[in-house]
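Trainee: Build the full structure now, drawing on both the sequences and the hints.
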Amino acid sequence: GGRADSAAAFVAVAVRRAVAWHLASQLKVFVCDCDQTLWGGVVGEDGVENLEMGGPYGLLQDKVSELQRQGRLVCLASRNEEADVLRVFEERSTCMRLQRSQLAAWQVHWGPKSVSIRRLASELRLGLDAFVFLDDNPGETEFVKAALPQVLTVTVPGGNEEAFQSLLRHHWALDSWRGSPATAEDLLRTQMYRENAKRKAVRQEAPNFEDYLRSLNVQVELRSPVGPELARVSQLSQRTNQMNSTQLRFASEATLREWVAGDGRWITAAWVSDRFGDYGLVGCALCSPGVDAVIVECFNLSCRVLHRGVEEALLRRVAEEAQDLGLDKVLVPLVETPRNKLMRDFLARVAAWAEVPCFTEGQPVAFGRSGARRGTMAPAMEVGAAKLRDLQGKLDAGGDEEGEGDEGGDDKTEIQETVKDGQEVSAGLVSEVPAVDWSAVLAKIAEVAEDIPVVHPCAIGGQGST
1 GGRADSAAAF
11 VAVAVRRAVA
21 WHLASQLKVF
31 VCDCDQTLWG
41 GVVGEDGVEN
51 LEMGGPYGLL
61 QDKVSELQRQ
71 GRLVCLASRN
81 EEADVLRVFE
91 ERSTCMRLQR
101 SQLAAWQVHW
111 GPKSVSIRRL
121 ASELRLGLDA
131 FVFLDDNPGE
141 TEFVKAALPQ
151 VLTVTVPGGN
161 EEAFQSLLRH
171 HWALDSWRGS
181 PATAEDLLRT
191 QMYRENAKRK
201 AVRQEAPNFE
211 DYLRSLNVQV
221 ELRSPVGPEL
231 ARVSQLSQRT
241 NQMNSTQLRF
251 ASEATLREWV
261 AGDGRWITAA
271 WVSDRFGDYG
281 LVGCALCSPG
291 VDAVIVECFN
301 LSCRVLHRGV
311 EEALLRRVAE
321 EAQDLGLDKV
331 LVPLVETPRN
341 KLMRDFLARV
351 AAWAEVPCFT
361 EGQPVAFGRS
371 GARRGTMAPA
381 MEVGAAKLRD
391 LQGKLDAGGD
401 EEGEGDEGGD
411 DKTEIQETVK
421 DGQEVSAGLV
431 SEVPAVDWSA
441 VLAKIAEVAE
451 DIPVVHPCAI
461 GGQGST
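Its first residue numbered 1, the sequence shown is counted upward by one per residue in the numbering used here.
If you're looking for bench data, these hints aren't it; they were derived computationally from the structure.
Don't take every hint at face value.
[Unchecked claim] Derived DMTMM-like pairs: lysine to aspartate or glutamate, alpha-carbon spacing no greater than 25 Å straight-line:
1. 200 / 211
2. 200 / 82
3. 198 / 221
4. 200 / 312
5. 341 / 312
Mentor: Okay, here's the thing in structure tokens:
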């Protein structure tokens, strides 16, 4: 009957949103076509002043603007004259919901849009599996899908406002609901990528990497995160892979608080800025006291600040904290994965500098125990706190390049790894969407229930819905 259908619809929407909370987390960049997608009309033929900005086009502008405010990146890929497209954002800004300041980058030329997306991925240093492409032309989306199967493509229904509303409401990739609030870093993400473009230009002009680093005037602040900053620590634990020592993941701020509440544990976090802007909270060491040593249960760092001396500064602070507690050593366990070679290499350089055995020869150390979670064991690098406190500057990494963008996919395949219930759990290679932790999904269903409007059962279908 009708009541049973309504109940089924309610459960279906709850499940869809809870699953989408996991699936959408890897989608970082929304690339939009312009003509007949972001606005009605063709700018080169109809002129800037005659383009339609309301109706279904206003709905899409609203949606991508909302996603940008929640930490996603919005880009353009259009076959047009670049000057014409930029004039639209300048001269029609008062009637547009999406502003030029919200764009992280754009590719406007007459070449294939698959080429544009590849260029955007290179510029932003993000994997293609982090991209969503929206276009009104099915031929364009099919061409991109064939050329770049890693990219999620969405064909928007042109000027049909009712179809537009259905798409925006029911396509899992466009559901802007999130299970946790945006962090300060999320809110500034577009600005950070624009600042990084300026850094890239300076890097190209610098005679070498060392001169480039000196010109940046990098500043590092080290302290314990408080209040809402813990949400960012939880986010880093989920997103960092390359500079992540143990893959210790915290699905929410609540699980992180549970961990830090036990056995005298603490977190030391790093905030980084330079002359171009603020990177925000980009790394942390999750520490616990042992009998005679501090155990770094997880060390993670965004690769956006790699090779700037931040990783050394963070380890040096941990050594200072160990001595403040009267502990003589620092133990850094390492869980090796196919993705964290940068972390392995960094610890190997520290061990060589300190003249101590590398982690592969170290004794297994327990870490990750929290509440019902039993923790796990991994071999650890052991360095005297007094020695480590003398770690200065930047250890030579044997190269002159910055780290690639982390906190996102590197390529089509991604290793999903967590430490859970005393075991290292690997979901293997994922070619389309990340693995789903169904226990977390079930927990989310109750959390999202209060946020779901009454929905007719027939409204749960539609293009791209899940």
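Trainee: Evaluate each hint against the coordinates.
Mentor: Each hint tested on the structure:
The suggested pairing of residue 200 with residue 211 holds, with an alpha-carbon distance near 13 Å, which does not exceed 25 Å. The straight-line distance between the Cα atoms of residue 200 and residue 82 is roughly 22 Å, inside the 25 Å bound, and the hint therefore holds. About 23 Å separates the Cα atoms of residue 198 and residue 221, which keeps this hinted pair within 25 Å; it holds. The suggested pairing of residue 200 with residue 312 holds, with an alpha-carbon distance near 23 Å, which does not exceed 25 Å.
Note on residue 341 and residue 312: the hinted pairing holds, with a Cα-Cα distance of about 17 Å set against a maximum of 25 Å.
In this structure, none of the earlier numbered hints is contradicted; all agree with it.
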